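K.L.:
The primary structure of each chain is shown beneath.
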Amino acid sequence: MSSELIRAENIVKNFGLTKALQGVDFALNAGEIRGLIGENGSGKSTICSIISGIYGCDSGSLFLKGEPYTPTSMVDAQQHGVAMIMQEMGTISNIKVCDNIFIGKEALFTKNGVVNRRAMRKAAGKILEELGAGDIDPWAPIDTLNFENRKLVEIARAMYDDPDILIVDETTTALSQRGRDIIYNLCDKMSSQGKGVIFISHDLDEIMEHCTALTVLRDGVLIDTLEKERMEPSLIKSLMVGREMVGDYYRSDYDGSYGEEVVLSMKDIYDGRELKDFNLELHKGEILGIGGLSECGMHEVGRLAFGIEKPLQGSVTLADGTEINQPYVATKHRVGYISKNRDQESMMITATILDNIVLPSLKDITRSGLLFRSDEKKMAEEQRKLLSIKCNNVDQPVKGLSGGNKQKVVFGRWIANKSEILILDCPTRGVDIGVKQAMYQLIYKLKQEGKSVILISEELAEIIGMSDRIIIMKDGAVSGEFARSEDITEHKLIEYMI
Amino acid sequence: MEFIKRNSRTILPFVGLVAVIIILLIVSGGRIFDPGNLNNILDQSYTVVLLSVGCSFLYAHGGFDLAVGGIYGLSMMIPGILILRTSMSIWFALPICIVVSLVCYLLMGIVTVKLQLPAFITSLCMQFICRGIVTTISKGNITLPADFAAGDSWVLKIIVLIVLLGGAYILLQRTAFGKFNRAIGENPVAARQSGINIDKVRLLAYAVAALLVGVAGFFSMCSSRTVATLAGSGYEMNVIVAIVLGGMSLNGGMDSSVRAAIVGTLIVKLLENGLVIIGVSSTWTNFVIGVVFLVVILFNYKRNKSGFLPR
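Going line by line, the protein sequences match chains P and L. The first sequence: position 215 = 215 (the numbering used here), numbered continuously. The second sequence: position 307 = 1307 (the numbering used here), numbered continuously.
Here chain L stands alone, though its shape is the one from the complex (with noise of 0.2 Å):
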């Protein structure tokens, strides 16, 4: 009971997840599982699960990341038009998808960090650029090469995922720098009078980020084979509703972990998938998932004791 107390924060996310997943098999007679259904909820997790794991690195040190979804959208935008002119293999736009998330996160890092702006608005701008970017050269939706298809394979994302998932969770976790990266969020003060180089640790996040958003950008290309010009616009809150579900604190510290962002990312894209699956209508899944982004906030969130739930 005690252990149970103590990993409250931990345990959790993932009765949660078990919940919603008897829950919605219960409710849709096991059609949520069909083979079909079940390539869906993997193809629109796969994505997101990226994205949050790579964001994730930005909370634990106490930033925030509201432009993942612009930066997202313009590592697709930028290799799917080289590719189309220059008819190039489609295995250049893995590299070009990572530099240009690259480029955008470490000039996002470089800004908030050197100048010490706070990370939510000078994310909040580069959201805007990336978009602004990416409609103005793109003039609508592209269509890409049907060679793209090569990159659509499970065998191949899957080996990816498990490479990047598991070095991520090694990186956050088992390490100097993850450890380090944590400690700024717990407090940048005490972090930096322990000899640590906040500046550098920080910055070396946003380039972990930006490596996990090129990658899933090159996948999202060759499964869905367009880029829309509003191709991952929301996936920030997406990402911020899957960290905070996993269990994890906003603010970042050492409690800040992998696993919440993966297991987040699953409870959102069940509810949103199962939702449908069940018959209710796509307008209210949004509500659906802020009743209970609120009720989760409620029972795990930090609180002061004048709180009326207990903590």
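Looking at chain P on its own, in the form it has when it is part of the complex (with noise of 0.2 Å):
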């Protein structure tokens, strides 16, 4: 027993009336590396939160390394060697770097009432080295870091207690390869130092690399866990989603045909930063994929293209002439977007998904000036039927669902709205496969209806799978161009980005 370091037993959690783990037992030896998977909502995150300190369990109890542990908070937690790494922003804003990395331990570099700057300057110096981030200055405010960097400050941070077990909540999903890579090295080297860490993602390919052992959970129970040999794609697909997945799971067919109308164009585009001389065209019925590096411009253009922002130079216009400055231009021409911070940008979090769904498309149930509750619930209730959102009503406020319905809510506004042209930029982040394989369904349907798709994306594979032609950009500019294909691979199109 003297192996193991963590073991959770009959774990049961509930939030109101959802039953979030419902009797999990759990266990985790030294040198290991788990990966953790399951559906939104399937408790993941709640185990992980449970063994870190964020919340108490209804019942049951956890051994740290034998001992009866129960963590009050997250502080307490770390002082017994648990540390989590959050799937959201956790570095505190308007302070130095190296205040975030010894936040709550100046006392380590204070003498006589003041603390020792340099010192902790240093200190925080040789942190980043160690991690592999040695170009991020400990003395520069956190605000002017990117989101990899911040996070990579946040690993520091929780790096220095040099916990026993490290939880990794869904953390590279957001980073390019070397935040993956520097994450992965500090996973393996956990390992081999006999620690274990907990590494919960969607990303299987990335599970079945780097994990020892994964574990699968759903709807709150443990379902099973698997050994590296049994690791396999389409058996761990089955036991998340409990039966096997049927169909397609991007489009089967390489016709990449589309018409030849152009509907939205977008001519000589600078912006300023990230794009110069950019041009675009989206053709009828054109799924048209976008990939790059997370910084290289491709965000930005789905911004312009649904006039978030302007551009300095240049236009963005759609087949009539009309030209987009404005969202509000956008949707009145039948132009959807989802945003890539679908929480911050793209919903009402507290208001009801009836409200959410409804929100773009009010001026086209108006009658005679007013708005009418029957008008707003029929269409609400088409779209949780169209596109199965998991809820008791549609009255129910929209925070209270998983990522991945709240992002067919995303979707459900604009098929609503009845969007001719759809930019969606990251659709998928974040959302479990069974919700992955609907999305890629209806996002093909809308092709086949017609409609025009920008799919914007850091997931090669998404973008191999669906798109009738394929931009890869670099430093803002257009890199690489591929028409569907068979022959296409992630390798062929990485060799344009970098």
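It should be emphasised that the hints constitute simulated quantities derived from the structure, not laboratory data. As the structure is a computational prediction, the values presented were derived from the model and not from experiment. Keep in mind that the hints are not guaranteed to be accurate.
[To be verified] Rough simulated footprint, nothing fancy, chain L against chain P, three-plus residues with beta-carbon under 8 Å: (1) 328-334; (2) 352-363.
[Claimed, not checked] Subject to a maximum C-alpha distance of 25 Å in a straight line, what follows is the list of computed SDA-like cross-link-like pairs (lysine to any residue): (3) P:Lys363 x L:Leu1164; (4) P:Lys377 x L:Leu1164; (5) L:Lys1200 x P:Glu323; (6) P:Lys363 x L:Gly1166; (7) P:Lys340 x L:Val1189.
Cβ coordinates follow ideal geometry from the N, Cα and C atoms, glycine included.
Assemble the dimeric complex from its two separately framed chains, guided by the hints.
P.N.:
As structure tokens, this is what we get:
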């Protein structure tokens, strides 16, 4: 038993009526990198939050190295050697990098009541160096760092305590290859030192490559734990969804044809930051995939195409010559947009499912100047059925929904708005494979109905799987263009990205 | 039970209103509802209800209004002086009230919306500007001609009230504009990306507030037949207290409602009046209202879970 780092016995946790965990037994051994996978709402984050002291559990017990363990807070858990890196941003704004790393630990550098900031800066630099992120200046204000570097600062903060157990909660999704490699190296290092890692991810390939074992959760129940030899994509997928996956994941055809008519064109765009002389034409019935590294300017393309930002030079125009310079101009002409930052930008998180779905279409359902609840309800119910949004009723706030269901709500609002052009920025980010498959089939169906889609994504597999035409961007310009074909591989595309 | 829990923000203010009425009735032995005093309460509530409902359009989209008292004062002073000097019909005062209020609100709205300044600051500035103009042009309180009594008819005032409050309810609750306005309070970024012309909607909300404030000004002129240089000072705080006691979040959002402004105003005005009637010194009234405000906020405001009271 000495090799067992943590054991959870019969953990039960309810959030109101939602049964998040229904008696989960879980154990992590020394030297293990344990993948944790499951659909949204399966309880992966909940079990980790309990282990790292964010929530208490309703019943059940935890043992840390054989001793009973009841963390009262994240700080308490850290003092017991359990550290967690969160999915969302966990750094504190408006202070420097080194202050973030040593927050709450200033006493280490304090002499006679004065903090020795130079020593702190030096120590921070050393930790970052060890992590492989020596290029981050410990003296820089944290807000000047991009998302990835801030994540690395957070990791540095967690690692300074030299934890025995590190929990990584879907952190890698938003990182580039460099950030991911740093995390993978860290996991391997911890494993070789006889420590343990719990690694939550939606990315099967990543888990299969880097984890030593894999635990599958479904609806708050631990389904199975697979050793490395038994990890096999089709088995994992069927364990996750509880049935065999039927039908296509992406689209199956390699037709790649689309209409002649150009429905949206961007001409000689210069936005003063990423994009220079950028041109793009979207055709009727086309799925146009745009890929590249996170900073290549592809997200800006989506924002410009929808009028959220205005180019300094150049213009975005529709088939009838309308210039898009504001989102309300775009939506009026049936263009829809899903932001990469869904919760912050694409939905009103505390409002109801109904209000979120009907909002862009209110003018369509206004009758003699008034809104009628029956019309709103009808529209929301239609989308709930069409997209099988899992909820008790449409008057429920969206904040209680899982990530995949939230994304369905966002899709639903544009389908209800009868969008002819959809601009999707990372539409399947943080969404489990069951919902992903449904989204891909939906996008394909929209194409077949003659609608046009711009699919911006950091996942090359989905761009290759879905697009009629692929544009790869690098440093704010198009570096490669490919028609749909069976021969395109991720490898080939990556060459154009770097 | 589940229903009550889910709609606590709607139900609690009504419970509060009924509780205030019952307590005051018992303590005063029924005196607060003497015909004479009832008239007083209605008179005092009339203005503040209109102002609160008007301002609730601004609070709904996440705005703030510290200028309402000042604009209300100016929208009475300008027509008051004009009528004294030109001896035109008192009914001209109504459109002038509305125009003055509209000019002030739109000016404030354009500065707030187009220059993207916090409404808290711009409305504070507007309050000083209005109060400054009022004291400069009036050089003291003015007394209006007796003709103004013609507008001091409860039948007329009630009809106007019903039309305006009904209109405001429909506008905020049952039209695309109202829902857009509330959606901006919920999340301005998401509202813009949903295709809402957020600048236009916010400016429209300023115009609605202006209309109600202007009308409130006219009827105050009719009922008091004087305009004081300090008329309306402190009303911005009355409005804030009313909106919060009515169960609306000052951050705005989908839950915003005209109902909150109405119920909240009644609670505040009943408390103010009732405390005087039952013999509490008027110097203590503000103290009591402050305590009630704090208690309501403790129970009703959006809190994080570390608070010591249950959500």
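K.L.:
If a hint holds in the structure, say so; if it does not, say that too.
P.N.:
Hint-by-hint comparison with the structure:
{"no.": "1", "hint": "328-334", "in the structure": "holds (count 4)"}
{"no.": "2", "hint": "352-363", "in the structure": "holds (count 6)"}
{"no.": "3", "hint": "P:Lys363 x L:Leu1164", "in the structure": "holds, 24 Å"}
{"no.": "4", "hint": "P:Lys377 x L:Leu1164", "in the structure": "violated, 28 Å"}
{"no.": "5", "hint": "L:Lys1200 x P:Glu323", "in the structure": "holds, 19 Å"}
{"no.": "6", "hint": "P:Lys363 x L:Gly1166", "in the structure": "holds, 21 Å"}
{"no.": "7", "hint": "P:Lys340 x L:Val1189", "in the structure": "holds, 13 Å"}
In this structure, only the earlier hint numbered 4 is contradicted, and the remaining ones agree with it.
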